[in-house]
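Undergrad: The primary structure of each chain is shown beneath.
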Amino acid sequence: MIRINNIHLYYRQHGIALHALRGVSLDINPGDYIALVGPSGSGKSSLIAAVTGLIFPSEGDIFIDRFRINRISRNARAKIRAKYCGIIFQFSEMPGRFTIRENLYLSWLSAHRGKDLSEFEERLELVCAKLDIHPLLEIRPGNLSGGQLQKTAIARAIIKDAPIILADEPSGDLDPDNVKRVRNVLQEEIENGKSILMVTHDAKLASDAHTIYELRDGQIHNVLK
Amino acid sequence: MRDLIKIGLSRSRAVFILLGALYLAVYLQVSVLFFLILTSKIQMLVISGYTIGTLGLLGGITGAHFLVAGKYSYEMGNLETIGFPRWFYITTYLIQFVLVQLISCLVGLLCFQILYIFITSDNVSFSQLAIVHLKTILTVLPLQVISCAAGLWYQSRSEPFLLIKERI
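Chain order of the listed sequences is P and Y.
In terms of this note's numbering, the first sequence is residues 1 to 225.
In terms of this note's numbering, the second sequence is residues 1 to 168.
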């Protein structure tokens, strides 16, 4: 489903090159649950960003399904994200002028153009029940707490029913009860045949993964599980 | 990651500032042209003047508006991240913008047309024409500006994705 082939990534700031990823290779197949752990600045978030097509690797290739995402147009990358990826960001940002229901609808719409609105309502009910976000639906993102926003960001990623979930610190702002809820949700997604690539510092969340890679200095340093 | 999703219109702004400058240049030309029209009364020139004026006005207001619309660049980046191509956002936004702007410009042009009929119906001297021209500047131009400003004001409060919002 995802093939990361020997990618290198350089950031250049004030003339100084930072080698963020150094020859990372990874295969993620349907049903795989992979966690990336490691210290801050080890390249975990950069790897997720590269897979989403928001940044380009300086060397190497990334394939999602049969598409080499670092060689296709910006619009094509957006379409692939819509079709294949549910993304949970470290800082959950949503357009502030839309309510949570509208934000979830936009996410669903990106992957299900032309489908009937009743299908969205059904999916919304299911996702709201899983994450307990019913009371938040008519509220705008600016009025939510960090934890509530994080839950809605997770809902936005899974409501699309996309085959790949890319999560960067999904439990960052959550209390233990909600972390447990998120763990269950991700586990259900895996049982439904989805693939998950997740960056986390949460040991319990990481322990649910089938494989745990430890990243250090932009390289896969160790396979912990 | 926060910075990564701030993809947007930043580069386009320069283009729209240039469009605004172009509008000013066109408007000055139209003012001169209008004075000539008043003296020569050649109808084709009047029509051309209106056309150029309208296009210039649309271009200028579009330029000014896109400066205002820069605030949407974050939102566009965010939606692009979840899978909406940029053209989808921009197209929705532009359709809405052009419709509203055309209506507001129509009001200004209507005022222009009424005054033109008034001018051409009388056999007036050059000094009288100059006075009328002054009146034009003092009355029609502010009306045009006000009507376009009203369109701009409405736009700054309206929302892109209007069509999508209506479906929810």
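Check each hint, because a few of them may be wrong.
Some chain P residues well away from chain Y (every beta-carbon gap over 10 Å; in silico) [stated by the list, open to error]:
| no. | residue |
| --- | --- |
| 1 | 12 |
| 2 | 63 |
| 3 | 71 |
| 4 | 85 |
| 5 | 191 |
Just the calculated beta-carbon pair ranges, DEER-fashion [as the list claims (entries may be wrong)]:
| no. | chain 1 | residue 1 | chain 2 | residue 2 | range |
| --- | --- | --- | --- | --- | --- |
| 6 | Y | 87 | P | 71 | 16 to 22 Å |
| 7 | P | 175 | Y | 87 | 28 to 34 Å |
| 8 | Y | 87 | P | 223 | 39 to 45 Å |
| 9 | P | 65 | Y | 87 | 18 to 24 Å |
If you are wondering where the hints come from, they were derived from the structure by calculation, not from laboratory data.
This one's a predicted model, so the numbers in the text were calculated from it and none came from an experiment.
Glycine included, each C-beta is placed from N, C-alpha and C at the ideal position.
Undergrad: For every hint, state whether the structure bears it out.
TA: Here is what the structure says about each hint:
1. 12: holds, 14 Å
2. 63: The assertion about residue 63(P) holds, with a minimum of 18 Å to chain Y.
3. 71: holds, 17 Å
4. 85: violated, 8 Å
5. 191: holds, 24 Å
6. 87(Y) to 71(P): 16 to 22 Å: Given a distance of about 20 Å, which is inside 16 to 22 Å, the answer is holds.
7. 175(P) to 87(Y): 28 to 34 Å: violated, 41 Å
8. 87(Y) to 223(P): 39 to 45 Å: holds, 42 Å
9. 65(P) to 87(Y): 18 to 24 Å: holds, 23 Å
Of the numbered hints stated above, those contradicted by the structure are hints 4, 7, listed in ascending order.
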